[in-house]
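Top to bottom, those sequences are chains C and E.
Oh and the first sequence: position 199 is 198 in numbering that gives the first Met the number 0, straight run, nothing missing.
Oh and the second sequence: position 194 is 193 in numbering that gives the first Met the number 0, straight run, nothing missing.
It is worth saying that the hints were derived from the structure and are not from the lab.
Treat the hints with care, as some may be off.
[Claimed, not checked] Calculated pairs, DSS-like style, for lysine-lysine (alpha carbon to alpha carbon, straight line, at most 30 Å): (1) Lys117(C) to Lys77(E); (2) Lys70(E) to Lys116(C); (3) Lys116(C) to Lys131(E); (4) Lys117(C) to Lys103(E); (5) Lys49(C) to Lys233(E); (6) Lys233(E) to Lys117(C); (7) Lys49(C) to Lys14(E); (8) Lys117(C) to Lys172(E); (9) Lys70(E) to Lys131(E); (10) Lys77(E) to Lys116(C); (11) Lys131(E) to Lys117(C); (12) Lys233(E) to Lys116(C); (13) Lys70(E) to Lys49(C); (14) Lys14(E) to Lys116(C); (15) Lys14(E) to Lys117(C).
[What the hints assert, rightly or not] Covered stretches of chain C, as calculated for chain E (at least 3 residues, CB under 8 Å): (16) 93-101; (17) 128-141.
Positions of the beta carbon are idealized from the N, C-alpha and C atoms, including for glycine.
Residue strings, one per chain:
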Amino acid sequence: MGDFDFAVIVNNLPFLWQGLQLSLLLTFLAVLGGIALGTLLALARLSGIKPLALAAAAYVNLIRSVPLILVIFWFYFLVPLAVGRPIGGFYSALIAFVMFEAAYYSEIMRAGIQSVKKGQVYAGQATGLGYWQIQRYIVLPQAFRNMIPILVTQGIILFQDTSLVFVVSLRDLMTVSSIVARTEGRLVEMYLFAALVYFVICFAGSLFVRRLQVRMAT
Amino acid sequence: MIEMQSVSKWYGDFKVLTDCTTQVDKGEVVVVCGPSGSGKSTLIKCVNGLEPVQEGRIVVDGAEVTARGAKLTQLRAKIGMVFQHFELYPHMSVRENLCLAQEKVLGRSRKEAESRAETLLTRVGMIDHIAKYPGQLSGGQQQRVAIARALAMDPIAMLFDEPTSALDPEMIKEVLDVMVELARDDGMTMMVVTHEMGFARKVADRVVFMDQGAIVEDRPTQEFFDAPSSERAKDFLSKILHH
Ligand SMILES: Nc1ncnc2c1ncn2[C@@H]1O[C@H](COP(=O)(O)OP(=O)(O)OP(=O)(O)O)[C@@H](O)[C@H]1O
Ligand SMILES: [Mg+2]
């Protein structure tokens, strides 16, 4: 046991901190983008316009049956082809996460929208509000609020999934920890440290969700 | 003001409304009653186009609701509607509930909308609760706020769908009082689905009785109560009057 040297963590703290920042930034942006796109997909599926609903359903089911790592790869190679120039690992990963997570968020938002009583829509319509106004001011705020715990839980999963970006050589917390582990020959210390950071953040997230659920239940 | 001509409506194979014809003139109060499932809510929802109809014509204030491409949102803004379960927006304060459509549909400024909201909340006795959320109010209070919300749009007519049937008995009166005042003092045109026969006797000009999707009786109030012509109406009246 005397062999462990945790000073390696302290010495590399700025580098590790950069990695964590990238993981958190990617999570944050992907959650925002995923919820936005997911909400549109959910609205499309519930729109009652057949082709639109079918297209959205097909998209959601396709994405949900493919491993995330594949989607990250696809976008890494496809997006530059589509826009005609390289856009870098970060943006291609971000787009991949948004497109991927949107499929999951759309299912959550769909359940959220369906949890809002039909009478609320009638009430909005009866005062002359249009479809988008009703969604924007009446339905989505309630749908969103009802689903916050699940949305946050999905965000925690997403945070863990960001560790997959090593495949497009992005330096997230996991990748940075590996680099330090190998260059300094401190595998155990570094992987313990990385595990601890992921654990603390995710555990704090779940505690937050638990508290929200208790508050919403009362 | 409101005219329905031979309106029929289906849900799939199920015929909810059969050849319904009636009208509500300006300033008139018409009570709609009938057994559960007879199509009262459906009928009233057709008036402002919340439910489409397959046959017949509905004309409100000169505009045909049932026409293709009818400007439904404009029309609905002119007709207030009050629901059995209030349908206040739970995530908004009472003030915001009253201001939303005034601002987004009528284009009123925040200040105008708030001052109109305050006037109406005072009128229904709810001004002290303006900053509260619907969940903090009793059913009767919520329904009075809902009436104020509808009135804030300065409607030319009001539709009520069983406004008191989700309320505890002791709260029914406070809501009916507001409605009676609206009918008597404002001369508001009203179409009211209700089983409150006391209310009907007090302010209704006519009573429409529905059964199985059809309008079975459409008569002046006094006549309806004194001598209902159909067996079904007699039956219905004896049931609800002796409860
Ligand atoms: N969206 C719908 N799809 C299919 N059937 C429906 C729908 N809404 C209502 N119905 C049916 O239409 C009939 C009339 O319903 P409606 O709600 O208009 O009755 P009601 O007279 O208002 O009854 P209640 O007194 O219970 O409110 C009922 O048999 C009901 O089951
Ligand atoms: Mg009904």
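Outcome of the hint check:
1. At most 30 Å may separate the alpha-carbon atoms for a hinted pair to count; lysine 117(C) and lysine 77(E) meet this at roughly 21 Å.
2. At roughly 25 Å between alpha-carbon atoms, lysine 70(E) and lysine 116(C) fall within 30 Å of each other, so this suggested pair holds.
3. Note on lysine 116(C) and lysine 131(E): the hinted pairing holds, with a Cα-Cα distance of about 21 Å set against a maximum of 30 Å.
4. A C-alpha spacing of about 21 Å is found between lysine 117(C) and lysine 103(E), which places the hinted pair at or below 30 Å, so the restraint holds.
5. A C-alpha spacing of about 47 Å is found between lysine 49(C) and lysine 233(E), which places the hinted pair above 30 Å, so the restraint is violated.
6. For the hint pairing lysine 233(E) with lysine 117(C), the CA-to-CA distance comes to about 34 Å; that exceeds 30 Å, so the pair is violated.
7. In summary, the hint linking lysine 49(C) to lysine 14(E) is supported, as the alpha carbons are separated by about 25 Å, within the 30 Å threshold.
8. Distance restraint check for lysine 117(C) and lysine 172(E): the Cα-Cα separation of roughly 27 Å lies within the 30 Å cut-off, and the hinted pair is therefore satisfied.
9. Note on lysine 70(E) and lysine 131(E): the hinted pairing is violated, with a Cα-Cα distance of about 34 Å set against a maximum of 30 Å.
10. Restraint check for lysine 77(E) and lysine 116(C): the C-alpha separation of about 24 Å stays at or below 30 Å, so the hint holds.
11. The hinted pair formed by lysine 131(E) and lysine 117(C) meets the criterion: a straight-line CA distance of about 23 Å does not exceed 30 Å.
12. Taking the CA atoms of lysine 233(E) and lysine 116(C), the gap is near 36 Å; set against the 30 Å cutoff, the hint is violated.
13. A threshold of 30 Å between alpha carbons decides the hint, and for lysine 70(E) with lysine 49(C) the separation of about 24 Å falls inside it, so the pair holds.
14. Between lysine 14(E) and lysine 116(C), the direct Cα distance comes to roughly 25 Å. Compliance with the 30 Å bound is thereby established for this hinted pair.
15. Pair hint lysine 14(E) plus lysine 117(C) holds up; C-alpha atoms about 22 Å apart against a cutoff of 30 Å.
16. Counting residues of the region 93-101 of chain C whose beta carbon lies closer than 8 Å to any beta carbon of chain E gives 0, which falls short of the minimum of three for the stated coverage.
17. Interface restraint, the region 128-141 of chain C with chain E: holds (7 residues with C-beta to C-beta distance below 8 Å; minimum three).
Hints 5, 6, 9, 12 and 16, counting from the list given before, are not met by this structure.
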